[in-house]
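Enquirer: This is what each chain is made of:
2 protein chains.
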Amino acid sequence: MFLQAKIPLMALSLILSAQVAPAQEDLRALALDIFSPLPSTLPAVANNPLTPDKIALGKALFFDPRISASGVFSCNSCHNLATGGDDNLETSIGHGWQKGPRNAPTVLNAVFNGAQFWDGRAPDLAAQAKGPVQAGVEMANTPENVVATLKSMPQYQDWFRASFPKETDPVTFDNFARAIEAYEATLLTPSPFDAWLNGDDAALNDQQVAGLQLFIDSGCAACHSGINLGGQEYYPFGLIEKPGAEVLPEGDKGRFAVTETVDDEYVFRAAPLRNIAVTAPYFHSGKVWDLKVAVEIMASSQLGTDLTVEEAEGIVAFLGSLTGTLPEVVYPVLPAETAATPRPSGEISVE
Amino acid sequence: MFLQAKIPLMALSLILSAQVAPAQEDLRALALDIFSPLPSTLPAVANNPLTPDKIALGKALFFDPRISASGVFSCNSCHNLATGGDDNLETSIGHGWQKGPRNAPTVLNAVFNGAQFWDGRAPDLAAQAKGPVQAGVEMANTPENVVATLKSMPQYQDWFRASFPKETDPVTFDNFARAIEAYEATLLTPSPFDAWLNGDDAALNDQQVAGLQLFIDSGCAACHSGINLGGQEYYPFGLIEKPGAEVLPEGDKGRFAVTETVDDEYVFRAAPLRNIAVTAPYFHSGKVWDLKVAVEIMASSQLGTDLTVEEAEGIVAFLGSLTGTLPEVVYPVLPAETAATPRPSGEISVE
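In order, the protein sequences belong to chains A and B.
The numbering of the first sequence is the numbering used here, which starts it at 321 and goes up by one.
The numbering of the second sequence is the numbering used here, which starts it at 321 and goes up by one.
For the record, the hints were derived by calculation from the structure and aren't laboratory data.
Note that the coordinates shown come from a computational prediction; the quantities given were computed from them, not determined experimentally.
Each residue gets a CB set at the ideal place from its N, CA and C atoms; glycine is no exception.
Everything hinted at is true.
In silico lysine to aspartate or glutamate, EDC-like type, Cα no more than 20 Å apart, as pairs:
#	chain 1	residue 1	chain 2	residue 2
1	B	Lys-419	A	Glu-667
2	B	Lys-419	B	Glu-566
3	A	Lys-419	B	Glu-667
4	B	Lys-471	B	Asp-489
5	A	Lys-562	A	Glu-585
6	A	Lys-562	A	Asp-610
7	B	Lys-486	B	Asp-373
8	A	Lys-471	B	Asp-610
9	B	Lys-471	A	Asp-610
10	A	Lys-612	A	Glu-633
11	B	Lys-612	B	Glu-631
12	A	Lys-612	A	Asp-537
Pulled from the structure, derived: some chain A residues nowhere near chain B, Cβ distances all over 10 Å:
#	residue
13	Pro-369
14	Lys-486
15	Ile-536
16	Val-578
Take these sequences, add in the hints, and give me the full structure.
Expert: In structure tokens form, the structure reads like this:
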């Protein structure tokens, strides 16, 4: 009865959507040459097979503030799964109330980036995870203290053993990072744009379709392509016209710090654009809060194009279709400290 | 088939438990005069009827760091549901890396406390919720800025309307606090001790039963009684013998600051003991990390008793039976900021 009622309704809806939105097969074929929808399964991660145990351990570690020296910050502090996988700050505030040098990128779908950090200095999420833990302005911890902290709690020892069953001493800083990588590889957010790429014309409205067309035609997609619409290659910020020092501070030369090649001055990884509408502020400097302004800056600085208001709004509308849905996250219950757990310290060491 | 197999097994298990643990009816009757098990339903909260909408809104607010001036701290930062509802720090670190004056108490089951804070200065959780938001060393925000932040996000406006349907302007600081109170009233953690109070002899082991008996006989239960084993009445810390200044710093005179009555110098609310084993460090000063040491200090300072090692361990074992299980918490997805959302500021104002 229900089934019988449903089929005509669905057919009707298909007919209606075919009437209001013309077939978008040409644009879809073009888009599928440039972009890819998120897969329906978890990705394979190099040298790090995903298992349910490892993912669960990684989730606990991701949410555990005791991996910071002070006991205040977890991965989730700056990559908050409640707010688009970032912290909505210009640059993050860390240990000792110090400000980080660059805007925290979203962790969502980050497994599909070609490399991690704005300058791509970490080849993968496991390498990335080790950075903030040790950075003096972020968690200010040491690998030794992280391992001592985890080893002090029998439940964590059990979880590491289950996650790395072939290892005799599984509680290591490397495995800590691998487990976090495994969990982060599950943080995928299918979006209306994926539904559209997969054939659902109704997933984007007319303005978003026009915005997508313009995103491709005007050249944005030259850098912002692939599964994450960016996150793969490196480009100078200000290819055609350098933005002001407010947006592109002179002191941060981007990938130059990694390669020490003059050509890499002010070169950054093209920002991945999934969930961009919910992860303001923008750019490595975090200086721009309005997505439309960010789009306009990109158009002028990278493409030498002055967008009309309507064009900029169309692209922003399209970018809104990249806001996806995270799988339900059950907040973990973490092991309790023991007498052997190193004490948190908020002290700021003078270096 | 399964059912048939199950019944004999259950019967066998009952016979076995009856053999190893003698009937504990006398102790249970005594305990039920002093303590109460957690109820199986949510409590009624004065002037704040609990509804699913209000609870969901309160959960979002509880986890939202944008209610702090800096955008760094949420309620969950210091009352972390992953770690026993507190932050495992001596005293919390807040805005500008300032240290709070007292150890953060657990939010779990806090709805059953007679009043909130170590000195009981807030009559209920709604009043409590307003404190840290405005405290300069915690979130350093203002009610006006909180309301402006929440009003800037249409999703929050919808949620407030659904939660307070009779009000024309529901997004207020009072309703913000009421919603948080509603959510916190759901954070109940039934424990083995509740199962034992409810009649399950097997829920406590012999050492825990002996520890409970001693907890009552030696006088602990005189202050640590009721549903939360404390959290109701006020007592001088150091009734018989003042602990050292390391544990009881001279500058913090406790409830005296609330009542300005000399009798209330160094008077504090008896700490509620549910989940005490997972919420180190202890006392308002947070100076004691070992629960056994805390128990010994209490015995000598409040009761004039020197416990034997076996006695102290028995009480600690009993206290372990107060560690409960939180209902599954699905991490919320929060509304995204808009152009109207006040910007976070980590600046420290000089007062």
